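K.L.:
Sequences listed follow chains G and P, in order. Numbering-wise, the first sequence is residues 1 to 148 according to this note's numbering. Numbering-wise, the second sequence is residues 1 to 146 according to this note's numbering.
Derived by calculation from the structure, the hints in this document are not laboratory data. It is possible that some hints are incorrect.
Claimed, not checked - DSS-like mimics (lysine-lysine), calculated; alpha carbons at most 27 angstroms apart, straight line:
hint : chain 1 : residue 1 : chain 2 : residue 2
1    : G       : K143      : G       : K122
2    : P       : K76       : G       : K25
3    : G       : K25       : G       : K122
4    : G       : K126      : G       : K44
5    : G       : K25       : P       : K66
6    : G       : K122      : G       : K44
Since the model is a prediction, treat every value here as computed from it, not as a measurement.
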Amino acid sequence: MELNPALLSGLILLALSLAAGVWLKFSAGRGKRVSTHEIIDLSKLKVKKGKSQVKTFGKKATLLQFSTEYCGQCPGVRRQLLEFEEQTAGLLYLDVDITDRLNLAAHFSVSQTPTVFVLDPKGEIKSRISGIPRPGVIQSELKKLGAL
Amino acid sequence: MSELKRIDPRGPRFGAAITSVISLIGFILSQETWLYGAPISFLLFVLFAWSVFYPASHPYGFIFKKFVRPRLGDPKELEDPRPPQFAQKVGFGFSILGMVGVLFWPVLIPVSAAFIFFAAFLNAFFNFCLGCQMYLGLRRLGLIGK
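Kindly produce the complete structure, drawing on both the sequences and the hints.
P.N.:
Right, here's the structure in full:
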């Protein structure tokens, strides 16, 4: 069968899109090491837990999630991490809404939500997970910190 | 914004699946001769305009509610309609590009169809909403408002 060029280009487009999709799925939700040694300033971050502003980090580690109002996947991740926080001693979970705080998004180069930062007890950013964390990724990042 | 009605995320994905088929056909046909691609560009333009300006009455939504939704289980999670609506606007932008192609510069027809296909395909089959991802990035750049 002779493949006509138009059909062939259509197949190429399909193949490229498929490859992009597989790559996006593959790379999303994995832990990435951060080596900027930046320490989160809680007094600037002004994040609330319940009714009061958070002033101290988790004793062993802190998970800092960036969410937006319009993020479809964020509430699910929040629920999951809140549950995990309850089961894990010394772990603090924080959720920051950056819908109206785009300067924060720019500062931390958050281009998609949810993005989760893993902080050590001093509040230094150790790793980040962009997109929905894959099963086990949060745990393995915490293990690297010795927090699990 | 709790007054916004949250939607079943599979609705937009279902629509994206149809859009991806239409745009792929448009992409292929428009390379035979641009005249074949023109009606499809126009169709995409109408469908996107419809979902941007009158989302409630869109045929995709109607087909989804009537024929698809009853066959699916309950959604795991409802989602904020703003990102998919924004993604529709991005698609609308590309469909305008296609119309410019029809009217002035036929090369733009397959280009616009290819972009629409790419985004719709990723949304439908990988649950990756390119337009939604652009939302935060574009707002950061100050190109769009809330």
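K.L.:
Each hint: holds or not?
P.N.:
Verification of the supplied hints:
{"no.": "1", "hint": "K143(G) / K122(G)", "verdict": "16 angstroms, holds"}
{"no.": "2", "hint": "K76(P) / K25(G)", "verdict": "20 angstroms, holds"}
{"no.": "3", "hint": "K25(G) / K122(G)", "verdict": "32 angstroms, violated"}
{"no.": "4", "hint": "K126(G) / K44(G)", "verdict": "19 angstroms, holds"}
{"no.": "5", "hint": "K25(G) / K66(P)", "verdict": "31 angstroms, violated"}
{"no.": "6", "hint": "K122(G) / K44(G)", "verdict": "15 angstroms, holds"}
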